[in-house]
Amino acid sequence: MSEQTHGMVKHDLAPGEEEQHSVGTRVVGYVVGLVLALLLTATSFFIAGTDLVWQPSIPVALIVLAIAQMGVHLVFFLHITTGPDNTNNVLALAFGLLVVFLVVGGTVWIMAHLNANMPPMDQIMRMQ
Amino acid sequence: MAMTTTADHARADPHHIGLVIEHPGPAPKRIVTAYGFWVFLLSDIVMFSCFFAAYAVLSGQTAGGPKGAEIFDQRNVAIETVCLLLSSFTCGMASIAADVRNRFWFYLGMTVTCVLGLIFLVLEFREFADLIARGYGPSRSAFLTAFFSLVGCHGLHVSAGVLWLLTMMAQVFAKGFRADILRRMMCFALFWHALDIIWVAVFSVVYLLGGAP
Chain A
1 MSEQTHGMVK HDLAPGEEEQ HSVGTRVVGY VVGLVLALLL TATSFFIAGT DLVWQPSIPV
61 ALIVLAIAQM GVHLVFFLHI TTGPDNTNNV LALAFGLLVV FLVVGGTVWI MAHLNANMPP
121 MDQIMRMQ
Chain B
1001 MAMTTTADHA RADPHHIGLV IEHPGPAPKR IVTAYGFWVF LLSDIVMFSC FFAAYAVLSG
1061 QTAGGPKGAE IFDQRNVAIE TVCLLLSSFT CGMASIAADV RNRFWFYLGM TVTCVLGLIF
1121 LVLEFREFAD LIARGYGPSR SAFLTAFFSL VGCHGLHVSA GVLWLLTMMA QVFAKGFRAD
1181 ILRRMMCFAL FWHALDIIWV AVFSVVYLLG GAP
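Protein chains in written order, with this note's numbering: chain A, 1 to 128; chain B, 1001 to 1213.
Read the hints as simulated data drawn from the structure, not as lab findings.
Beta carbons are placed, not taken as given, at the ideal position from N, Cα and C, and that holds for glycine.
Among the hints, erroneous ones may be present.
Claimed, not checked - Pairwise CB distance ranges (calculated):
hint, chain 1, residue 1, chain 2, residue 2, range
1, A, H113, B, C1050, 16 to 22 Å
2, B, V1100, A, L114, 52 to 58 Å
3, A, P120, B, A1027, 57 to 63 Å
4, A, L97, B, A1179, 27 to 33 Å
5, B, G1176, A, T25, 52 to 58 Å
6, A, T25, B, A1027, 38 to 44 Å
7, A, D51, B, A1174, 55 to 61 Å
As the list claims (entries may be wrong) - Derived coverage of chain A by chain B (criterion: at least 3 residues anywhere in the stretch with Cβ under 8 Å from a Cβ of chain B; other residues may be distant):
hint, region
8, 24 to 38
9, 49 to 60
10, 66 to 80
11, 99 to 105
Unchecked claim - Some chain B residues close to chain A (C-beta under 10 Å, calculated; not the full set):
hint, residue
12, I1045
13, C1050
14, N1102
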């Protein structure tokens, strides 16, 4: 056991691996994650169908809630934290997120401008 | 004494840049395997982001067919979401049980995870079958093509995950909690939790944002 603990001091954590905790602490971590995730999900579904909030704010609220819930999943289920033994995992995640934002953001941006810059369909037909 | 020096070094160099600590040798296989699988999962998420980008661009292109708000059943999606969230939790319980080598809780956790995953798949299959029966199949409009490919791709991942889950149960049954089996179990847990993250994006973007009137 001391051998293992010694190893843990020197090495990084694998993704999904927690620091050495007792079973009880680990179960509590998952319970907290589940409760937070259920709360955020319930809020998302509530916000999407309600008339109580200003309607144009709903898409932004849904995106924020989704990102918050992904954060909860990353921390409590995948155990990706900002600890020093997690640097490699976080850097890989950061690169993955960069590509995701480039792909999604870039596509939406370009396609929206493409639609705006194109003449309407009947005008294209007349040009031919 | 040795422990104190290591602890001191760890504090002096918390990010292991190597200024203080001498190189500790290659990382254990458990870390190498899980890290490699983590990189695979991130590339899988990048692949999903392409489907999300396609859906975002095509969600308005209904070609006279139905809009999202007309075909999405919010209640069905909520049940699917709860199933996946609970299955992520029970999968976590099963991986704790595997770490402490408790067969009973491992089998129980994995069985519940499997049942919840199957309920999710049945609900999704019924939704797809219902849409196709009403003539709203993937070939009806660009919006429906993007919808079926994005949600179907996630469904395929869940199906593969259920097969992997059953394989893990069989391997633990046949070979016990060996180091290599525990490594595979760790990768499976990562895979299952990552699928849950993708589902969060799916229900938010496709069903809630795309279902807005």
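Results for each hint:
no.	hint	in the structure
1	H113/A - C1050/B: 16 to 22 Å	holds, 19 Å
2	V1100/B - L114/A: 52 to 58 Å	holds, 56 Å
3	P120/A - A1027/B: 57 to 63 Å	holds, 59 Å
4	L97/A - A1179/B: 27 to 33 Å	holds, 32 Å
5	G1176/B - T25/A: 52 to 58 Å	violated, 26 Å
6	T25/A - A1027/B: 38 to 44 Å	violated, 25 Å
7	D51/A - A1174/B: 55 to 61 Å	holds, 57 Å
8	24 to 38	holds (count 8)
9	49 to 60	holds (count 3)
10	66 to 80	holds (count 7)
11	99 to 105	holds (count 4)
12	I1045	holds, 6 Å
13	C1050	holds, 6 Å
14	N1102	holds, 9 Å
Comparing the model with each earlier hint shows violations of hints 5, 6; every other hint is respected.
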